[in-house]
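J.: Given the structure of chain X, go ahead and fit chain A onto it with the hints provided.
Single-letter residue listing:
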Amino acid sequence: MAESMTNTATDKLDPLLEEITGPTPGQLLWRRVFGHRGLMIGAVVVGILTVIAILAPLLAPHDPYAQSLLARMKPPVFLGGTWEHPLGTDHLGRDYLSRLIYGARVSLLIGVVAAAISGLIGTAMGVAAGYFGGRVDAVVTFLINVRLAMPVVLVALAVVAILGGSLTVVICVLGLLLWDRFAVVMRASTLQVRQREYVAAAEAIGASVPRILLTEIMPNIANNLIVVVTLEMAHAILLEAALSFLGLGVQPPTPSWGLMVSEGKNMMLFEPWLVLIPGAVLFALVLAINLMGDGLRDVTASENRS
Amino acid sequence: MLQFILKRLGLAILVAFTVSFISFSLLFLSGDPAAALAGETASGEDIEAIRRVYGFDRPMMVQYADWLLSALRGDFGESYYFKLPVAGLIADRLSVTMTLGVCGISFALLTAVPLGVAAAVRPNSLIDRFALFMSVAGQALPSFWFGLILIVVFAIKLGWLPPSGAATWRHFVMPTIVLGYYAMPAIMRLTRAGMLEVLSSDYIRTARAKGASETRVMFKHALRNAIIPVVSLAAVQMGFMLGGSIVVESIFALYGAGYLAWESIGRNDLPTVQALILIFSMFYIVFTFLADVLNAWLDPRMRSS
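In the order they appear, the protein sequences are chains X and A. If you use this note's numbering, the first sequence corresponds to residues 1 to 306, in order. If you use this note's numbering, the second sequence corresponds to residues 1 to 305, in order.
Isolated chain X, as found in the complex (with noise of 0.2 Å):
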């Protein structure tokens, strides 16, 4: 009998010591993260590059815009060059690996700020429309309408070979067009937001529209920008590259990986490394931060489900 009593006290209180000592919310979502094999890879994959584009001037072994014609289209170590020029050397004899290097800077800039760029405009846009609703909505939903008809690659070219190529060009005129799925996805979670309970009360108590949408829906809301900013860098990266690659993008010297498979193209049939080496390394690059966003989509999924 007395046995019978503890157990259904203990059996009560199990649930609630769960609770009290058990995982916290933000413990919880940790090791969701460092359990997805995918993002953890993406991420130490992007970090490495990243800490490469930084220290870039301290990693590289040569000047990435010296040119030796001496020592022109040298072959890697690992098909017979020496160490002196690891990846070999271009066609101007500039050392492959140190523009490589310099190459991350560009691509992760590119990336990060027109994602910068593109993520303000999108998320004013889409939080507006799904918070305001009416016509608000209807104009948003109308300028995404027009900017998804507008062929991309094509009016990027266009802009940058009238104003000119150069990185900031580039940045500004991905920013600029990149922002519809921004907009999308913030326009569908602001909407699911804005039904909570705790909108209705910050609005019964009299809070500002400013004050709501930023303490009450952006922290909410916040999980999904970052799976979008993630997949608009890749996104920019990748077409940053293309237009590198066509010519009408960063210009020469700048070593951009596009602009370097460009260059090598000519040289494919005799050096194909030349073309491999920058392309694999914008292929690592695009596929890790794709992988970081899908892990990041999937860890922070789970958490509302639950």
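Treat the hints with care, since some could be wrong.
To be verified - Listed below are several chain A residues computed to face chain X (Cβ distance under 7 Å; list not exhaustive): (1) Val152; (2) Ser232; (3) Val247; (4) Ser281.
What the hints assert, rightly or not - To list a few chain A residues with every Cβ distance to chain X over 10 Å, as calculated: (5) Ile22; (6) Arg93; (7) Leu190; (8) Phe240.
Just so you know, these hints were derived from the structure itself, not from any lab. Quick reminder that beta carbons are idealized off the backbone N, C-alpha and C, glycines included.
T.: Just chain A now, with coordinates in the frame of chain X:
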């Protein structure tokens, strides 16, 4: 239904007008189009003469109205470079791009839909993981690099396919793959998600309970319903593809509309560029409109939204 179609049509026309205005105003982005056209060595009088001949001295809205009215009649002006009507130039090149676009979307559908179905039938199996890996990798693969690798391997090392040109069907094999693979991940994911949802629904259980064969359940009952959103996605992707053909056409030297766009941008041939942006946008607008209508016809629930 008719009300839905008219509403969508009105929206599509409004979008088309806005796009036309944007592509027209690109001309004024460079500052003075007459000075740009005259070149750096031109004198002030030359620039003034060009301004009058091309009508740049009129207000911008008048020029836009003029350009739009001509464009509606199929007259996009004269190419600065070729000194020929732009409409004819584009018409000559469009067949290559359209062929490429149709081949590309067919390739994407024929590979992505079976893969998506197979992945949904056995979730978390080896084939599901393979499909997921392919979709993640496919989204990250730079198309220009992929195209160059295909040329080196299949045209140069193995000699199976011609590296460039558009003379026979064999010239289109590699461009089709390079253009089509980018649309695969989205189609595959949507097919997989749609199939997963449909396969857990009541009418599938009913179909199985009454003893329908597994093939019949899969193709007659499940795929039919899961494919509806894929059709509209394919239409949207087709619109994107025509705009993206510029990269593929430049790699494989296919003289289509995308290649013309690339050349014209390099030559500052603005009337041709404006017309191409407008035409590619129109394709997208028409495709999405048709997809919306098709969707509403197949699924009455869509009509209310």
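J.: For every hint, state whether the structure bears it out.
T.: Cross-check of the supplied hints:
| no. | hint | result |
| --- | --- | --- |
| 1 | Val152 | holds (6 Å) |
| 2 | Ser232 | violated (13 Å) |
| 3 | Val247 | holds (6 Å) |
| 4 | Ser281 | holds (5 Å) |
| 5 | Ile22 | violated (7 Å) |
| 6 | Arg93 | holds (14 Å) |
| 7 | Leu190 | holds (15 Å) |
| 8 | Phe240 | violated (8 Å) |
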